[in-house]
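Asks: Order-wise, the sequence lines are chains W and H. Here the first sequence is numbered in the numbering used here, starting from 1 and rising by one per residue. Here the second sequence is numbered in the numbering used here, starting from 1001 and rising by one per residue.
Think of the hints as simulated: they come from the structure by calculation, not from any bench. Any given hint could be a false lead.
Cβ-Cβ distance ranges computed for the label pairs, FRET-style [stated by the list, open to error]:
1. W:G103 / H:P1020: 52 to 58 Å
2. W:G103 / H:G1090: 39 to 45 Å
3. W:D133 / H:E1093: 36 to 42 Å
4. H:T1091 / W:F62: 36 to 42 Å
5. H:D1144 / W:L16: 48 to 54 Å
6. W:S99 / H:D1144: 45 to 51 Å
7. W:E57 / H:M1092: 22 to 28 Å
8. H:N1046 / W:F30: 29 to 35 Å
9. H:N1085 / W:P55: 31 to 37 Å
10. W:G101 / H:Q1041: 31 to 37 Å
11. H:G1146 / W:E80: 35 to 41 Å
12. H:L1097 / W:S99: 46 to 52 Å
Note that beta-carbon positions come from the ideal geometry of N, C-alpha and C, so glycine has one too.
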Amino acid sequence: MRVAKKKSGGILEGDLTPMIDMTFQLIAFFMVLINFSQSEQNEKIQLPDSQLAKPPEGPLEFPITIHLTTEGTAIIGSSEVPIAALSPFLVKEKQVLASQGKGANEATVIVRAHKDAQTGRVQELIQKCQENDFEKFALRAKEDVGNN
Amino acid sequence: MKVRHNKGGGDDKIELQMTPMIDIVFQLLVFFIMTFKIVSQEGDFNIKMPLAAPAAGAPDDLQLPPMKVRLRAGGGGVLAGMSLNDKGVGTMEALRLEIIGVVGDDRGPGSIQETAEVELDCDYGLRYEHVIQAITAVSGYIDDTGNVVKLVEKIKFAPPRQASGE
Chain W
1 MRVAKKKSGG ILEGDLTPMI DMTFQLIAFF MVLINFSQSE QNEKIQLPDS QLAKPPEGPL
61 EFPITIHLTT EGTAIIGSSE VPIAALSPFL VKEKQVLASQ GKGANEATVI VRAHKDAQTG
121 RVQELIQKCQ ENDFEKFALR AKEDVGNN
Chain H
1001 MKVRHNKGGG DDKIELQMTP MIDIVFQLLV FFIMTFKIVS QEGDFNIKMP LAAPAAGAPD
1061 DLQLPPMKVR LRAGGGGVLA GMSLNDKGVG TMEALRLEII GVVGDDRGPG SIQETAEVEL
1121 DCDYGLRYEH VIQAITAVSG YIDDTGNVVK LVEKIKFAPP RQASGE
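In isolation and in its complexed conformation, chain H is listed as follows (with noise of 0.2 Å):
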């Protein structure tokens, strides 16, 4: 068998091509930079709505009657009126300071945070960012430490509104 033997005794440099190498990497840098989008963080708010009639069954006692909150709709969709249990509400602010005061600090299983639920009644032509901003303020806020403080997790829709309606 043939072995090669180094020639020169080791002092040679031995040059790797570099170029390919960077072509490939500016490449790359490139593409990533190009494709780079700044994209916000999404959430979600979940609710559960099963096609069941909204009467049906007996109700339970110790489980309160939803809390109607009722979004009216004026000119071009903007918010008009907003109303908790028939008592006006002037902002979010007000809305969610009803809810505190219904729900209260009580947090844990059978609390009346975890059994309350909401009853959201919107007209048709409402436009949709209001109906998260109410969801906002009945879910929760935001306190001083930056933590979610949670309020009603149960939240539900009332049976649509005509479009004739508004």
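Next up, chain W with everything else stripped away, as it sits in the complex (with noise of 0.2 Å):
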């Protein structure tokens, strides 16, 4: 039986391009899909779902986003307080919109409550958003593609 012999002294080249582009591709299809609007959401937070709750075309212009628990307490920004504590930092926002020339009730409050929260809290929230003057509300749902 005929062996091949091996020869000594060279180089072994693997062909590398086949997995450089497989990983590029890879790279480019995860860049793609990363989600950046993570600051928007709050791990406590299960949202209801909604047939109708699509995406908005456009972003809004003014937002400010409230989470509300299921124990009743409302999270802005980094901060959970209560629904009675809620006015210092609505004033705060007022004066981030005054400084830009804008009233309140051009700002759109972004009412992101748990699904199983109370509804006369979510009621609280926004009439304590209404006495700092801010009128427009969207109140936020998971979109239910199950159901469609």
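Both chains come to you apart, so use the hints to assemble them.
Replies: Following this line, the structure appears as structure tokens:
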């Protein structure tokens, strides 16, 4: 039987081009899908589902996001406070808007309430915002794709 | 000036150092894989609610009075009962059909669909998900072709009920 002899001293080179191609494709895929809007989200909040909850066509001009937990506390920015103690934060938001020449009535308060939160708490939250001249609200829900 | 001459008549193979690049590329790949999270889409229901008193000003003759949707809570905040203008409705689907009956198919400027308003009157302890279900039912529906058919766009809340009144 003839046996091929191994040549000594030669460098074996694998072709890396397909692997690099695939790796770059994967990187491009993940880069496109990466979600930068996580700052708006909170792991404590589980939004209610709705078939009609479609993402807005454009970004809101002056959004203020307030989360509402099942315990009835509000999360604004990185602070978790009772609804009754929300006013100083809203006043601060009003001052920021005023510095841009805008009024509180031009801003939209995004209410991200937990699905098991009490409706009365949500209404209290809205009322607190109204007391600070905010009048546009967006009740956020998660898109329900299962029942379409 | 010293000029370098290419030795060997152009037969030399130029070898790029691939190892550092592949290292970095794999680091990036691992980063993106580890941080990848499938997030479901979110959407908003817009409501405009200024603080003005509900009965302020003379009512407009062309404006329909708001349709009152009452949501009652049972134990644990579950939905115990529902009514539209004091007429009981059993399910969210029934509520939507009632709304379609009022609003009709008329669309466009000045239509009932454009001027109609719904006022949600909910018990304090009602779970918020039922409110969103009710808002979904009165806001519209998805037809057979997958398009959203809008019903009532003006939605507001009645003054909150007291916690003890559940």
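Asks: If a hint holds in the structure, say so; if it does not, say that too.
Replies: Here's how the hints hold up against the structure:
1. Against the hinted window of 52 to 58 Å, the Cβ-Cβ separation of G103 of chain W and P1020 of chain H comes to about 55 Å, which satisfies the hint.
2. At about 44 Å, the beta-carbon gap between G103 of chain W and G1090 of chain H stays in the expected band of 39 to 45 Å.
3. At about 38 Å, the beta-carbon gap between D133 of chain W and E1093 of chain H stays in the expected band of 36 to 42 Å.
4. In this structure the hint that T1091 of chain H and F62 of chain W lie 36 to 42 Å apart at CB holds, the actual value being about 38 Å.
5. The hint said 48 to 54 Å for the Cβ distance between D1144 of chain H and L16 of chain W, and at roughly 52 Å that hint holds.
6. Separation of S99 of chain W from D1144 of chain H is about 50 Å and conforms to the stated range, judged on CB atoms against 45 to 51 Å.
7. Range check, E57 of chain W to M1092 of chain H: about 26 Å between beta-carbon atoms, so the 22 to 28 Å window is met.
8. Hint check: N1046 of chain H to F30 of chain W, Cβ distance near 33 Å, so the stated range 29 to 35 Å holds.
9. For N1085 of chain H and P55 of chain W, the hinted distance range of 31 to 37 Å is satisfied, since their beta carbons lie about 33 Å from each other.
10. As the Cβ distance of G101 of chain W to Q1041 of chain H is approximately 33 Å, the hint placing it in 31 to 37 Å holds.
11. Separation of G1146 of chain H from E80 of chain W is about 39 Å and conforms to the stated range, judged on CB atoms against 35 to 41 Å.
12. Between L1097 of chain H and S99 of chain W, the C-beta spacing of about 49 Å keeps the proposed range 46 to 52 Å intact.
This entry satisfies every hint, going by the numbered hints stated previously.
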